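J.: Chain by chain, the residues:
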Amino acid sequence: MKAKILEEKYTAQAADPNQTIMSAYQNRVLRIYLDKQEAVVEPLRMDFAEKYVGSKGLVIRYMYEDMKPGIDPLGPDNNLYFTTGPMSGTPIPCSGKLSVAAKSPATGTMNDCSVGGHCGIRLKFAGYDMAVFHGQMDKPTYVVIEDDEITFHDASHLWGLTSHEAERELIKEYGTEYSCLSIGPAGENLNYISCINCDYYRQAGRGGIGAVMGSKKLKAILIKGTQGVKVPNIKEVTDRIVEITRTVCVCEDTDYVFDEGTYAFLEACNDGGILPAHNFSAATDIKWDTYNGAVMKKYRLGKRGCGSCALGCGNFMQVGDAIVEGPEYETTAASGPQCDIASIEHNVRFNMVVDDMGMDSISTGMTIAWAMEMAEKGIHDFGVHFGNEEEMIQMVKDMAYRRGAGAELADGVKVASEKWGGTDFAMHSKGLEFPQYEPRGSFAMANSYAVSDRGACHMRSYTPNEEVFAASVPPYTYEDKGIVLYNLGESNAIKFSCCLCDLFGTVDYPLMAELLTMITGREWTVEEMAEVGRRVLNIGRAFNQREGFTREHDIVPQRMFKDKLKGGPADGQVLTEEGFQDILDQYYEIMGWDENGCLPQELLDTL
Amino acid sequence: MATKRLKFNKALCIGCQLCAQVCSAYKEGEYIPSKARLAIETYYEDGSLKYKDDFCILCGMCMKACPFDAIDMDKGWIHVDPEKCKGCGLCAKKCPKKVVRIRDKMAYICDTCEGDPNCVKTCPHNALTFE
Numbered sequence: 275m276k277a278k279i280l281e282e283k284y285t286a287q288a289a290d291p292n293q294t295i296m297s298a299y300q301n302r303v304l305r306i307y308l309d310k311q312e313a314v315v316e317p318l319r320m321d322f323a324e325k326y327v328g329s330k331g332l333v334i335r336y337m338y339e340d341m342k343p344g345i346d347p348l349g350p351d352n353n354l355y356f357t358t359g360p361m362s363g364t365p366i367p368c369s370g371k372l373s374v375a376a377k378s379p380a381t382g383t384m385n386d387c388s389v390g391g392h393c394g395i396r397l398k399f400a401g402y403d404m405a406v407f408h409g410q411m412d413k414p415t416y417v418v419i420e421d422d423e424i425t426f427h428d429a430s431h432l433w434g435l436t437s438h439e440a441e442r443e444l445i446k447e448y449g450t451e452y453s454c455l456s457i458g459p460a461g462e463n464l465n466y467i468s469c470i471n472c473d474y475y476r477q478a479g480r481g482g483i484g485a486v487m488g489s490k491k492l493k494a495i496l497i498k499g500t501q502g503v504k505v506p507n508i509k510e511v512t513d514r515i516v517e518i519t520r521t522v523c524v525c526e527d528t529d530y531v532f533d534e535g536t537y538a539f540l541e542a543c544n545d546g547g548i549l550p551a552h553n554f555s556a557a558t559d560i561k562w563d564t565y566n567g568a569v570m571k572k573y574r575l576g577k578r579g580c581g582s583c584a585l586g587c588g589n590f591m592q593v594g595d596a597i598v599e600g601p602e603y604e605t606t607a608a609s610g611p612q613c614d615i616a617s618i619e620h621n622v623r624f625n626m627v628v629d630d631m632g633m634d635s636i637s638t639g640m641t642i643a644w645a646m647e648m649a650e651k652g653i654h655d656f657g658v659h660f661g662n663e664e665e666m667i668q669m670v671k672d673m674a675y676r677r678g679a680g681a682e683l684a685d686g687v688k689v690a691s692e693k694w695g696g697t698d699f700a701m702h703s704k705g706l707e708f709p710q711y712e713p714r715g716s717f718a719m720a721n722s723y724a725v726s727d728r729g730a731c732h733m734r735s736y737t738p739n740e741e742v743f744a745a746s747v748p749p750y751t752y753e754d755k756g757i758v759l760y761n762l763g764e765s766n767a768i769k770f771s772c773c774l775c776d777l778f779g780t781v782d783y784p785l786m787a788e789l790l791t792m793i794t795g796r797e798w799t800v801e802e803m804a805e806v807g808r809r810v811l812n813i814g815r816a817f818n819q820r821e822g823f824t825r826e827h828d829i830v831p832q833r834m835f836k837d838k839l840k841g842g843p844a845d846g847q848v849l850t851e852e853g854f855q856d857i858l859d860q861y862y863e864i865m866g867w868d869e870n871g872c873l874p875q876e877l878l879d880t881l
Numbered sequence: 134m135a136t137k138r139l140k141f142n143k144a145l146c147i148g149c150q151l152c153a154q155v156c157s158a159y160k161e162g163e164y165i166p167s168k169a170r171l172a173i174e175t176y177y178e179d180g181s182l183k184y185k186d187d188f189c190i191l192c193g194m195c196m197k198a199c200p201f202d203a204i205d206m207d208k209g210w211i212h213v214d215p216e217k218c219k220g221c222g223l224c225a226k227k228c229p230k231k232v233v234r235i236r237d238k239m240a241y242i243c244d245t246c247e248g249d250p251n252c253v254k255t256c257p258h259n260a261l262t263f264e
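Residue numbers (the numbering used here), protein chains in the order written: chain A, 275 to 881; chain B, 134 to 264.
Just so you know, these hints were derived from the structure itself, not from any lab. Keep in mind that the hints are not guaranteed to be accurate.
As the list claims (entries may be wrong) - Once the Cα atoms are required to be at most 25 Å apart in a straight line, the calculated DSS-like pairs of lysine-lysine come out as: (1) K498(A) / K137(B); (2) K208(B) / K509(A); (3) K446(A) / K217(B); (4) K446(A) / K208(B); (5) K168(B) / K276(A); (6) K491(A) / K446(A); (7) K446(A) / K183(B); (8) K160(B) / K571(A); (9) K183(B) / K572(A); (10) K498(A) / K230(B); (11) K498(A) / K208(B); (12) K185(B) / K446(A); (13) K160(B) / K504(A); (14) K140(B) / K168(B); (15) K137(B) / K446(A); (16) K231(B) / K498(A); (17) K509(A) / K183(B); (18) K446(A) / K238(B); (19) K143(B) / K572(A); (20) K185(B) / K571(A); (21) K498(A) / K140(B); (22) K571(A) / K168(B); (23) K168(B) / K446(A); (24) K504(A) / K137(B).
Said to hold, decoys possible - Okay, the calculated bits of chain B under chain A, using three or more residues with CB under 8 Å as the criterion: (25) 147-157; (26) 161-168; (27) 252-264.
To be verified - Which residues of chain A face chain B? A few of them, derived with a C-beta cut under 7 Å, are: (28) G363; (29) P365; (30) V503; (31) T519; (32) R578; (33) I597.
As the structure is a prediction and not an experimental result, all values here were calculated from the model. Quick reminder that beta carbons are idealized off the backbone N, C-alpha and C, glycines included.
If we strip away everything but chain B, and leave its shape as in the complex, we get (with noise of 0.2 Å):
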């Protein structure tokens, strides 16, 4: 079965954010968008509309970074080894799409919620999908 993935239709994006409240509200027990696994967003500048489309697309940059083996895919998302991670920050540096979160000498990272993403179900309008 080929791996799925987050796809983002912008013409659908309301720019709401919902999905970044949803996703800490799983991953960190607080509706705190600044720690989320996710950063999508919409604002203006110079007259126009422009969207800012921060998710994991499992490229497996972050896995080839880690110097410590830490970093895996084998269920099709991303694990992070708590044991192993130093949290050094290679992987965020490697990441094409600037959704590693480092804190606390500890790397976060989307792991789809394990293939069944609450942004996804969240969408109101279908925006963000996993095919």
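In isolation and in its complexed conformation, chain A is listed as follows (with noise of 0.2 Å):
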């Protein structure tokens, strides 16, 4: 079926004297109404666009004017959203990451993810800037979105395949200019921990997010687009752009990225006393040069980047049986250092799987170092040990199908402490998982957990940046890093908000300004990139205030402030909780957020 296109809202649109339109985006905002088999364009509110550019903070204003507070996140007034910025499909370095939202089941705040692969770039092309789905289906299905056509599919002879085998069946079937996103085992099972595959390798990995989609028993979506985006003066445009590929994207700071991509990092987090181990107890791995990166060169079989990359972190890898593009730093330093198992071939075998199944490889490898940690302190053993790699490969399938004791780590952390005891070394916030960057090891880190819009992400406020590697403040101290805190948290927002990739790392404020003006045809000011970023962070902020956050869940475990950390360049260390506390009440005064952490109605009104 063609999507209906709502005319008379372009007509109004467009008759608007207040209104530009401005150039690079599509202008088409695509909804999928599952429950009716339904398909509509309207025009992008471009109000909200001026206000948060695109991606990461378009699609949270969108959110909190689409959703009611307090909605079931697996019910049907959940809406799954696909995002793309006006950067998407132009020649921009690192522009091709799409953001995938919803409600999130496992920490009940706003969730967005970042994924890579072609299905950003793709979606651009189809015409759209953004595609919602809305409602539920009855029955499994899979949709095609290629340019105006909108399709749904039976997908019963899908439904319970692995995400790779759904995606081998669909791709055989259409063809390798589509990009496929598809849920595997644990995304169907409505796993709290389950992730949207995109293009085989690729995760919008957090926050059960392939759990909203299992829920709408949405297997796969399919995108192909032959359409084209437009700028103004092209092809002068185009020159400053490769221009800025080779010069600033493409040089010796971001060499690390095709060299090793985020492997790097082990090396880095090891030395600068931060690489975890053993569920957060050790911030150093004796052992990490077994599975570093030159070790993995030796199993590298090719180098691949997302749509619009110039820098291609992907490193495809075989082991043995064993294949996947990746594992990156998260995912090596979750399954390996955190569970005692200094093991490449692990790391790639774990990788797989737990792609396979549909889940997140950061929350997977955090349960399971928390189950290991409740069997050795004998609370209770769930058949998972330290050390032990096969019992831990089974576990990942366990889950995934929530089978035996699988079935009770299968929603994470949060929920398995909760009834299980040991919520002290239960390493989350808000119920999301910590990623690998040990807090006391880089103080503000804790507080960047605490008060990131989707619980503990590292993609908010990436303090180790300033506190280990540039080490341009002291990393255990409190003094001062509610600034930097903000300053790190308001970078990542517009930047993501542009849909430019976390490692285009030599891109600033001007340079994103003078791109955005380029493309869009509007003036956009350097002022505006810090303006916008703020925004993105209040309005992530606003829309958990409205299901009822506040001071009270920006929280770490308890661990950060009970036991000293062991080993390495910040052993001895530990946590105050007036010092967090401290951290805090910086931050919430920058923010403008009274002492409860909460926006007053004033900064409410201007979002």
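Using the hints, put the two standalone chains together into the complex.
T.: Pasting the structure below:
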């Protein structure tokens, strides 16, 4: 069927003298109503685009507008959003990322994930800034978006297959010019730690986003686009973009991305005392040289980046019959040192299995590491033990299918620890498991996890950059850390709203403003980059505030305050409650929030 | 002087498709890879990383196939005469790399940007060269 176009809305927008239609956007939002099997195209809210640019910021603003507070994240009222930005589809380097967002079943907060692959640029080339899935199907379905044609297909034969099996079947039928977004058994079984896979090896990973897709009985989405993206003065603009690609983006500072990818962080984090081990008991691993970048290269078959990438972080690897693009730093740390397993073969196998099952590698690794510690402490034995590879791999599958002890772990450490105990060392904030940076070696990272809009996330305020790698501020202090937290959060918020990849580390506000000005035809200033970043932080907080989140939820597990870190440069470090609360106070004040961490009405009114 | 040709080193290709986006910008006035005059992509199939490397190798098969003498290579690249081309598609059928695009009764073929290919200037890891 052809998507129904709401002409009257476009006409109204065009007739509004206050509204300029910016270039580089498609000015089309695709709304797919699953229960009615209908698709409708409406104009993009340009007022939102001017305030939030695209991707992350834009989608949170849309969620805030579309969804009532208190809805069931796995019920029919939760929408699933796929959102590009103005840079998507242009040759601006590292602009291929797609925001995948919904309310999270794991945290109850808003949840925006950033996925690579080619789905982002293909959605834009299909002619849409955003695709929104409303409602739920009553039987397994896959949806094909091919330019203006939206079709619904029976997926009974795919339901129950792993994510990779389903993608293989679909791509065999449709062809490689389609991008495939799919879920595995974990998403079908509504696990809180399930993900959505894209083009096999890229994931919208966190917060149970796969379960939201599973709740809609949506096994897969295929996207093909043959249309274009228009910008003014395209030859001059492209000349400048190519210059930026070859000088600012691909340069000495980013060489590591093609060389090793995020594997390079292993050495940096280990040396900095923030590579977590043994379920966040230690922060260094003397065996790290058995699974580092040099070892990885022995198993690497090829390099791969996403659509519009200029860096190419992906390492396509094979160890025995385990094949995967990855594992990245996070997956390596979560499945390796956290579980006392020093084996690159295991990291690759774990990565392959979690992807295939459609599970988030960080949350899965951290949930199993917690279960291992539960057994070590004699509290409860889930059948997984530190150092045992086979038990771990088996447990991943049991979690995906909710079998035996796996059923107890399928929804992550928050749910499991509330039932079985061990909450002090259940490493999560707001129900999202910690990523792989040890806060006791980079103090403000604890606050970063605590205030992040979707629970513990390393893609918000990445404080190790300042506290450890650049060493611009001391790592084990609280003074003046609120502003560090804020500045890093603001810059990632605007960067991800442009839809730029985290690894484009050399982009700054003047360059973002220049690029946006060139492609949209609207003047963007450096000051506006900061303003948009702040607004994005605020709209995420506003969504959560409406769901009842306040200061009491901005917390980290007691281990951070009770247990001294073992080993490495940060040996013996531990956080204090007072210090942690001090940084929160500083941060709330900078944000203009009250002491309870809430936005006052006058701030809400500006969003 | 020997004719310069596009060369592709797949070990350096990350499958970003920036080449096709940039090509279409200069040739079509919008970022539209489906109309670009080359298609270099990587994808996964049956557990391996595959490469699709469709670009003009200046073999001249299109020129030989053209019944209207619309194609020449006098300057060292493909030139299609819009007055003579009828868009019959014989050149596209003969092209071994499948990079001739036929639309609106006209053949669109890579002209190496007249000896200064923009795709090569763009390729971030120099997987594409002109030599």
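J.: Regarding the pair K498(A) and K208(B), is the alpha-carbon distance no greater than 25 Å?
T.: Outside the cut-off at roughly 37 Å; violated.
J.: For the pair we were handed, K446(A) and K208(B), check the Cα-Cα distance against 25 Å.
T.: Violated, at about 42 Å.
J.: Are K185(B) and K571(A) close enough, with their CA atoms no more than 25 Å apart?
T.: Holds, because 24 Å separates the two Cα atoms, which is no more than 25 Å.
J.: Between K498(A) and K140(B), is the straight-line Cα distance small enough, at 25 Å or below?
T.: violated (28 Å)
J.: At least three residues with a C-beta closer than 8 Å to a C-beta of chain A: is that true for the stretch 161-168 of chain B?
T.: holds (count 8)
J.: Quickly compare the C-alpha distance for K140(B) and K168(B) to 25 Å and report which way the hint goes.
T.: Cα-Cα ~21 Å, so holds.
J.: Run the distance test for K446(A) versus K183(B): straight-line Cα separation, threshold 25 Å.
T.: This hinted pair holds, its Cα atoms lying about 14 Å apart.
J.: Taking 7 Å as the limit, does the beta-carbon of T519(A) come near enough to a beta-carbon in chain B?
T.: With Cβ-Cβ at 6 Å, under 7 Å, it holds.
J.: Against chain B, with CB atoms and a cut of 7 Å, does the hint on G363(A) hold up?
T.: At about 5 Å, which falls below the 7 Å cut-off, the nearest Cβ of chain B leaves the hint on G363(A) intact, so it holds.
J.: Hey, K446(A) versus K217(B), does the alpha-carbon distance stay inside 25 Å?
T.: violated (40 Å)
J.: Interface hint check: R578(A), Cβ to nearest Cβ on chain B, cutoff 7 Å. Holds or violated?
T.: holds (6 Å)
J.: Hey, does the V503(A) contact hint survive, CB to chain B under 7 Å?
T.: holds (4 Å)
When held up to the earlier numbered hints, the structure conflicts with 1, 3, 4, 8, 11, 15, 17, 18, 21, 22 and 24 and fits the remainder.
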